[in-house]
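Each step along the sequence shown adds one to the number in our numbering, with nothing skipped, and position 12 is -2.
Calculated directly from the structure, the hints in this document are not laboratory data. Please read these numbers as outputs of a predicted model, since none were measured by experiment. Treat the hints with caution; some may be incorrect.
[Said to hold, decoys possible] Taking lysine to aspartate or glutamate pairs in the EDC-like style, the calculated list, with each CA pair at most 20 angstroms apart, reads:
| no. | residue 1 | residue 2 |
| --- | --- | --- |
| 1 | LYS24 | GLU35 |
| 2 | LYS81 | ASP70 |
| 3 | LYS(-7) | ASP50 |
| 4 | LYS12 | GLU35 |
| 5 | LYS(-7) | GLU48 |
| 6 | LYS(-7) | GLU68 |
[To be verified] Listed next, with one range per pair, are the computed distances between beta-carbon atoms:
| no. | residue 1 | residue 2 | range |
| --- | --- | --- | --- |
| 7 | PRO0 | LYS24 | 27 to 35 angstroms |
| 8 | CYS27 | LEU76 | 17 to 25 angstroms |
| 9 | GLY25 | GLU72 | 17 to 25 angstroms |
Virtual Cβ for every residue (Gly too), placed ideally from N, Cα, C.
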Amino acid sequence: MFGIPGKSPVTLTPRAVTQITRLMAKDGAFGLKLGVKKGGCAGMEYTMEFAAEAAPHDEVVEQDGARVMIAPMAQMFLFGTEIDYETSLLQAGFKFNNPNVSEACGCGESIKFKDVPGA
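Please build the complete structure, drawing on both the sequences and the hints.
Put into structure tokens, the structure is as follows:
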């Protein structure tokens, strides 16, 4: 929908691929659906949920056995994003390295996107 032909809208690091394929196998899911919603102190939050199938207008990205679907309203916000999976002593989770983000809150749970000229 908002993509460039021949270019994946998001990329997955090897750690993200490993975690997504592990989650897909564990829960028998078709893949993980990514989205954005209003919320948090910076204004927007990422969403992730298991999906049994892709919706008609989802952008489907498959990489080394991992599958993510991007909801139509999130596609323009996630284009160019690298998704990683990080673990530390205190926490583990997906990290979105998104070039479209202008600010993030201190807790790292919400983001603000760059203004789009003419929008």
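Q. Which hint numbers does the structure go against, in order from smallest to largest?
A. Hints that this structure does not satisfy do not exist here, as all of them hold.
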